[in-house]
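*Asks:* From first to last, the protein sequence lines stand for chains A and B. Everything in the first sequence is counted per my numbering, starting at 1 for the first residue and increasing by one. Everything in the second sequence is counted per my numbering, starting at 1001 for the first residue and increasing by one.
Simulated from the structure, these hints should not be mistaken for lab results. Every residue gets a Cβ at the ideal spot worked out from N, C-alpha and C, and that includes glycine. Accuracy of the hints is not assured; some may be wrong.
[What the hints assert, rightly or not] Computed cross-link-like contacts, SDA-like style, restricted to lysine to any residue with a CA-CA straight-line distance of at most 25 Å:
no., chain 1, residue 1, chain 2, residue 2
1, A, 22, A, 101
2, A, 104, B, 1110
3, A, 9, B, 1112
4, A, 104, B, 1085
5, A, 104, B, 1040
6, B, 1057, A, 45
7, B, 1057, A, 101
8, A, 104, B, 1089
9, A, 15, A, 54
10, A, 65, B, 1102
11, A, 73, A, 54
12, A, 9, B, 1038
13, B, 1011, A, 42
14, A, 57, B, 1002
15, B, 1057, A, 93
16, A, 22, B, 1102
17, A, 73, B, 1102
18, A, 108, A, 76
19, A, 9, B, 1101
20, A, 73, B, 1104
21, B, 1057, A, 29
22, A, 104, B, 1104
23, B, 1011, A, 84
24, A, 9, B, 1089
25, A, 104, B, 1101
26, B, 1057, A, 32
27, A, 9, B, 1044
28, A, 57, B, 1099
29, A, 73, A, 55
30, A, 9, B, 1041
31, A, 104, B, 1088
32, B, 1057, A, 3
33, B, 1057, A, 31
[Claimed, not checked] Under 7 Å between C-beta atoms, here's a sample of chain A residues computed to sit facing chain B:
no., residue
34, 34
35, 99
36, 100
37, 101
38, 102
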Amino acid sequence: AQRVTQPEKLLSVFKGAPVELKCNYSYSGSPELFWYVQYSRQRLQLLLRHISRESIKGFTADLNKGETSFHLKKPFAQEEDSAMYYCALKYGSNYQLIWGAGTKLIIKP
Amino acid sequence: GAGVSQSPRYKVAKRGQDVALRCDPISGHVSLFWYQQALGQGPEFLTYFQNEAQLDKSGLPSDRFFAERPEGSVSTLKIQRTQQEDSAVYLCASSPFRVGTEAFFGQGTRLTVV
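Based on the provided sequences and hints, a complete structural model is requested.
*Replies:* Okay, structure coming up:
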């Protein structure tokens, strides 16, 4: 069965330090993965998707099929990056997503 | 505003009470989704509408849950005879596409069953 695992419930790093939010997935089909972010008192929103191979707000994520991972990385964390981050896997039809439990990222000044 | 609007933002219900949660999607959006998010978990898919048609309700946890979108715009999620395990944040999202990954989310309704 498909599953998304975010092993860290909480990640705390200092401003300017590198950040890596881990995401591992289990899926027998061709995976399509996404990162969503929810800033304090704001709505859940799409951050980036692996098929776009884009960098958003300095964040990148590479799909590693061998390790079944889609870790989110940023070389230099900023205080405004503090938020909840969710990894999600699209499976089946175009609208079905399965989500990880989320990682709360705290950037310390 | 132009975003997805959900009401009420907070709802406290006594066990056994029926509740109705409303979602006003972005005007013109074809797709509408409902998710349930328990404390400390990610969202879980409940149901999907394309216009007024409910194409998938496989995520609804029991027959106490019912969703409708009669005119292809506003949607209501109804929970009958609420139980404590129904306590969660209920998220609505809409999309101009028939693809769930590009959806815009509402702020959610936090339901607490006491």
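*Asks:* For each hint, tell me whether it holds in the structure or not.
*Replies:* Results of checking the hints against the structure:
1. A hinted pair counts as satisfied when its Cα atoms are at most 25 Å apart, and residue 22 (chain A) with residue 101 (chain A) qualifies at roughly 12 Å.
2. This hinted pair checks out: residue 104 (chain A) and residue 1110 (chain B) have alpha carbons roughly 19 Å apart, not beyond 25 Å.
3. As the CA atoms of residue 9 (chain A) and residue 1112 (chain B) are separated by approximately 23 Å, the hinted pair is consistent with the 25 Å bound.
4. Distance hint between residue 104 (chain A) and residue 1085 (chain B) is fulfilled; the C-alpha atoms sit about 24 Å from each other, no more than 25 Å.
5. As the CA atoms of residue 104 (chain A) and residue 1040 (chain B) are separated by approximately 10 Å, the hinted pair is consistent with the 25 Å bound.
6. A distance of roughly 23 Å separates the Cα atoms of residue 1057 (chain B) and residue 45 (chain A); the hinted pair therefore holds under the 25 Å criterion.
7. Of the pairs offered as hints, the one joining residue 1057 (chain B) and residue 101 (chain A) holds, with about 22 Å between alpha carbons and a cut-off of 25 Å not exceeded.
8. Under the criterion of a C-alpha separation no larger than 25 Å, the hint pairing residue 104 (chain A) with residue 1089 (chain B) is consistent with the structure, at around 17 Å.
9. Annotation: proposed proximity of residue 15 (chain A) to residue 54 (chain A) holds, straight-line Cα distance about 23 Å (limit 25 Å).
10. For the hint pairing residue 65 (chain A) with residue 1102 (chain B), the CA-to-CA distance comes to about 23 Å; that is within 25 Å, so the pair holds.
11. Simply put, residue 73 (chain A) and residue 54 (chain A) have alpha-carbon atoms about 12 Å apart, close enough for the 25 Å limit, and the pair holds.
12. As the CA atoms of residue 9 (chain A) and residue 1038 (chain B) are separated by approximately 14 Å, the hinted pair is consistent with the 25 Å bound.
13. In summary, the hint linking residue 1011 (chain B) to residue 42 (chain A) is supported, as the alpha carbons are separated by about 19 Å, within the 25 Å threshold.
14. For a cut-off of 25 Å, the pair hint linking residue 57 (chain A) to residue 1002 (chain B) stands: about 24 Å separates their Cα positions.
15. As the CA atoms of residue 1057 (chain B) and residue 93 (chain A) are separated by approximately 13 Å, the hinted pair is consistent with the 25 Å bound.
16. A threshold of 25 Å between alpha carbons decides the hint, and for residue 22 (chain A) with residue 1102 (chain B) the separation of about 22 Å falls inside it, so the pair holds.
17. A distance of roughly 22 Å separates the Cα atoms of residue 73 (chain A) and residue 1102 (chain B); the hinted pair therefore holds under the 25 Å criterion.
18. Our distance criterion of 25 Å between C-alpha atoms is met by residue 108 (chain A) and residue 76 (chain A), whose separation comes to about 12 Å.
19. Only pairs whose Cα atoms come within 25 Å are accepted, and residue 9 (chain A) paired with residue 1101 (chain B) is accepted, the gap being roughly 23 Å.
20. For the proposed pair residue 73 (chain A) and residue 1104 (chain B), the alpha carbon gap of about 24 Å is at most 25 Å, so the pair holds.
21. Between the alpha carbons of residue 1057 (chain B) and residue 29 (chain A) the distance comes to roughly 22 Å, so the proposed pair stays at or under 25 Å and holds.
22. Among the hinted pairs, residue 104 (chain A) with residue 1104 (chain B) is consistent with the structure: their alpha-carbon atoms are about 21 Å apart, no more than 25 Å.
23. For a cut-off of 25 Å, the pair hint linking residue 1011 (chain B) to residue 84 (chain A) stands: about 23 Å separates their Cα positions.
24. Distance restraint check for residue 9 (chain A) and residue 1089 (chain B): the Cα-Cα separation of roughly 18 Å lies within the 25 Å cut-off, and the hinted pair is therefore satisfied.
25. Among the hinted pairs, residue 104 (chain A) with residue 1101 (chain B) is consistent with the structure: their alpha-carbon atoms are about 21 Å apart, no more than 25 Å.
26. For a cut-off of 25 Å, the pair hint linking residue 1057 (chain B) to residue 32 (chain A) stands: about 22 Å separates their Cα positions.
27. About 17 Å separates the Cα atoms of residue 9 (chain A) and residue 1044 (chain B), which keeps this hinted pair within 25 Å; it holds.
28. For the hint pairing residue 57 (chain A) with residue 1099 (chain B), the CA-to-CA distance comes to about 24 Å; that is within 25 Å, so the pair holds.
29. With a C-alpha separation of about 10 Å, the suggested pairing of residue 73 (chain A) with residue 55 (chain A) holds against the 25 Å cut-off.
30. For the proposed pair residue 9 (chain A) and residue 1041 (chain B), the alpha carbon gap of about 10 Å is at most 25 Å, so the pair holds.
31. With a CA separation close to 18 Å, the supplied pair residue 104 (chain A) and residue 1088 (chain B) stays within the 25 Å bound.
32. Our distance criterion of 25 Å between C-alpha atoms is met by residue 1057 (chain B) and residue 3 (chain A), whose separation comes to about 20 Å.
33. In summary, the hint linking residue 1057 (chain B) to residue 31 (chain A) is supported, as the alpha carbons are separated by about 23 Å, within the 25 Å threshold.
34. Given the 7 Å rule on beta carbons, the hint for residue 34 (chain A) holds: about 6 Å separates it from the nearest Cβ of chain B.
35. Checking residue 99 (chain A) against chain B: minimum C-beta separation of about 3 Å stays under 7 Å; hint holds.
36. Among the interface hints, the one on residue 100 (chain A) holds; its C-beta lies about 5 Å from the nearest C-beta in chain B, closer than the 7 Å criterion.
37. Annotation: residue 101 (chain A) was flagged as interfacial toward chain B, and the flag holds, the nearest CB pair being 5 Å apart, inside 7 Å.
38. For the restraint placing residue 102 (chain A) at the interface with chain B, the shortest Cβ-Cβ distance is roughly 5 Å, inside the 7 Å limit, so the hint holds.
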